[in-house]
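Q: Sequence:
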Amino acid sequence: MSSFLFGFALVLLVSLGARDQVLVARLAGRTGPGILVAGAIAAVVSAVIMAWAGDRIAAILPPAAALMLVAFALVAAAIELAWPAKQADPKEPTHSIFAAFIVLLARQIGDAGRFLIFALAAWTGLPVLTAMGGALGGVAALTLGWLLGDRLQASLPLRPIRIVLAVIVFGAAIVIGLSIRGII
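With the numbering used here as the guide, the letters of the sequence shown map in order to residues 90 to 273.
Because the hints were derived from the structure by calculation, they are not lab data.
No false leads were slipped in.
Here are the computed distance ranges between Cβ atoms for each label pair:
| hint | residue 1 | residue 2 | range |
| --- | --- | --- | --- |
| 1 | 195 | 173 | 12 to 22 Å |
| 2 | 198 | 232 | 12 to 22 Å |
| 3 | 98 | 264 | 12 to 22 Å |
| 4 | 263 | 122 | 34 to 44 Å |
| 5 | 236 | 185 | 16 to 26 Å |
| 6 | 245 | 154 | 36 to 46 Å |
| 7 | 267 | 214 | 19 to 29 Å |
| 8 | 199 | 98 | 12 to 22 Å |
| 9 | 188 | 260 | 30 to 40 Å |
| 10 | 149 | 270 | 14 to 24 Å |
| 11 | 122 | 145 | 33 to 43 Å |
| 12 | 98 | 146 | 19 to 29 Å |
| 13 | 154 | 126 | 32 to 42 Å |
| 14 | 263 | 242 | 26 to 36 Å |
Backbone N, C-alpha and C fix where the C-beta goes; we use that ideal spot for every residue, glycine too.
Model the full assembly from the supplied sequences, consistent with the hints where possible.
A: Written out as structure tokens, the structure reads:
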């Protein structure tokens, strides 16, 4: 059950200001609930893919290498969190739920939340609970973006929050990596 709760909380937290959440917030007023539906489907699909991948790759590695894989996934999440996101407003949305799904899925597969799902599934060996929690956290983050709409970026200091989260995630990666090596 802790895999579910950690997956939910971590994805919800690191998705604040994520590219997919910002896109959903920007399009909320123009496309209606269709963008939220597409985002929710993409969140479920991306969580399942990353949890399955984390579990399968960790299963073929020796235990120490599997934990180092977790550290590498956390480093990737920290880099994505720290990476500045300069996004222009879409000029002409197609109002296609399928097109929105493809764009949101592409953004989610490489975001920090999905790297954390990968790491958590690799660490715990519980991909189903991790995927369920991560998917629910991703849907909750997108729903928050959809509800706030244009106020999302004005109401929260997203960039500083993402930098602080990047430092925390990177610190966790360092601690895990050094403990695997027996340094700490």
